[in-house]
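Chains as they are written, first to last, in this note's numbering: chain G, 1 to 112; chain P, 1 to 114.
Everything labelled a hint here was simulated from the structure, so no lab data went into it.
On a predicted model such as this, the values are computed, not experimentally measured, just so you know.
Please note: incorrect hints may appear among the correct ones.
Straight-line C-alpha distance at most 25 Å; calculated SDA-like pairs for lysine to any residue [stated by the list, open to error]:
no., chain 1, residue 1, chain 2, residue 2
1, P, K101, P, S26
2, P, K101, G, E53
3, P, K49, G, Y50
4, P, K113, P, K69
5, P, K77, G, E53
6, P, K113, G, Q41
7, P, K49, G, P70
8, P, K101, G, G16
9, P, K101, G, T14
10, P, K101, P, Q45
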Amino acid sequence: DTGVTQSPTHLIKTRGQQVTLRCSPISGHKSVSWYQQVLGQGPQFIFQYYEKEERGRGNFPDRFSARQFPNYSSELNVNALLLGDSALYLCASSLVAGETQYFGPGTRLLVL
Amino acid sequence: AQSVAQPEDQVNVAEGNPLTVKCTYSVSGNPYLFWYVQYPNRGLQFLLKYITGDNLVKGSYGFEAEFNKSQTSFHLKKPSALVSDSALYFCAVRGLTGGFKTIFGAGTRLFVKA
């Protein structure tokens, strides 16, 4: 089985720009979560989606938004990028919300 | 509020010796507890979880973890460490209330010396 896939793998943006990150869950998984991992820290929860509805939101500003599509893939959007948004963005999928999450390789975002 | 603490930034152990990576948690109600491992430039890999049942949970690659409700701990253990176990280990907790938010610890770097 194909695991969780994320695209792109790396991304360089400048302050003020907008970025869209994409995630495809493991086949059959209906829940997708997004995390931000800053160097030297643990992953910080951003969003969880289940059956195309937002089921959880972390302490991130409104510049961060996400959605889940009918095929259960997901996009994370970040507007008005700041230098502090530079991080590894991880997507995780699970069969249902709250169960074991399986992580993708991440998208490394650098904001200059 | 949920929280996870991994009190050691780094754990050093000789190959063949037992290893322990510590984790304590705070959550309302009964917790879901997880351990993940992260290798350089990779995503997180699931090792094991505790939901209910036996306090000793067995997982991948010979790892196990012991749930202690009175001490609110979930320490990761392995009887005999391998050099290939060297990586970054994360403990995570999810409560049964307040949505599906999973909180990760800051991570513990395990270094196994040959």
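Results of checking the hints against the structure:
A threshold of 25 Å between alpha carbons decides the hint, and for K101 (chain P) with S26 (chain P) the separation of about 13 Å falls inside it, so the pair holds. For the suggested pair K101 (chain P) and E53 (chain G), the alpha carbons sit about 14 Å apart, so the restraint of at most 25 Å is met. Distance restraint check for K49 (chain P) and Y50 (chain G): the Cα-Cα separation of roughly 21 Å lies within the 25 Å cut-off, and the hinted pair is therefore satisfied. For the proposed pair K113 (chain P) and K69 (chain P), the alpha carbon gap of about 32 Å is over 25 Å, so the pair is violated.
Taking the CA atoms of K77 (chain P) and E53 (chain G), the gap is about 37 Å. The hint is violated against a cut of 25 Å. A C-alpha spacing of about 24 Å is found between K113 (chain P) and Q41 (chain G), which places the hinted pair at or below 25 Å, so the restraint holds. Annotation: proposed proximity of K49 (chain P) to P70 (chain G) is violated, straight-line Cα distance about 29 Å (limit 25 Å). For the proposed pair K101 (chain P) and G16 (chain G), the alpha carbon gap of about 29 Å is over 25 Å, so the pair is violated.
A hinted pair counts as satisfied when its Cα atoms are at most 25 Å apart, and K101 (chain P) with T14 (chain G) does not qualify at roughly 30 Å. Only pairs whose Cα atoms come within 25 Å are accepted, and K101 (chain P) paired with Q45 (chain P) is accepted, the gap being roughly 18 Å.
The structure is inconsistent with the numbered hints 4, 5, 7, 8, 9, although it conforms to all the rest.
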